[in-house]
Each structure stands twice: as structure tokens, then as C-alpha cells.
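Given the sequences, and given the hints that come with them, work out the whole structure.
Numbering (our numbering), first residue to last: 1 to 87.
In short, the hints are calculated from the structure, not lab data.
These numbers were taken from a predicted model, which means no experiment stands behind them.
No incorrect hints appear here.
List time: in silico SDA-like cross-link candidates among lysine to any residue, alpha-carbon distance up to 20 Å:
#1 19 <-> 9
#2 19 <-> 8
#3 19 <-> 68
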Amino acid sequence: MTLLDDTVLSLLALAASYKPGTIIEAERAVDAYLTQFQGIQARLAAMDALFYELALPEHRARNRGGLFELIELHLERRHREIVRQFQ
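Quick look at the structure:
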């Protein structure tokens, strides 16, 4: 199983048990995933892969409470930070 698969499974598990505060755990999982990649190109590719996985219909069907949308907002913030950091 890859790092991406592990992260997606973690996010799906969090979505299944969605409760207040779950977004904090999801953001931590996303941040831990992204820290495994060095350099702007690798991190941006990792973000794209995660966006793609979360957009798959079989994963979207398991999205509860709008968690994936909040994760996507978090990824967009991280994207801006990474671009600024590597300028």
C-alpha cells in the first residue's frame, strides 16, 4: 500500500465517523502526507494525486458532513503556502 492509499483510507475513515473536530484530524493527516515529499514539484504532484483520489465517485459517495470539501480548502491553502515558500 502506498502513502497516498494510506492517507486516502485515513480520510475515508474520518469521513465515516464524522463529528465536530474531525477536520483537524484530517488536516493533520494531509499535512503528514505532504511532508513526505521534498521540493515544490513533488508536493504539488502529491496534492494533485490526493485531489484526484478524493474526487473519485466511489470516494465521494463516502464523504460525510462536507469533510472532503474542507480538506480541499486546506489543500488549496497549503498550495499557496508551498508556492510562496519555494519562490
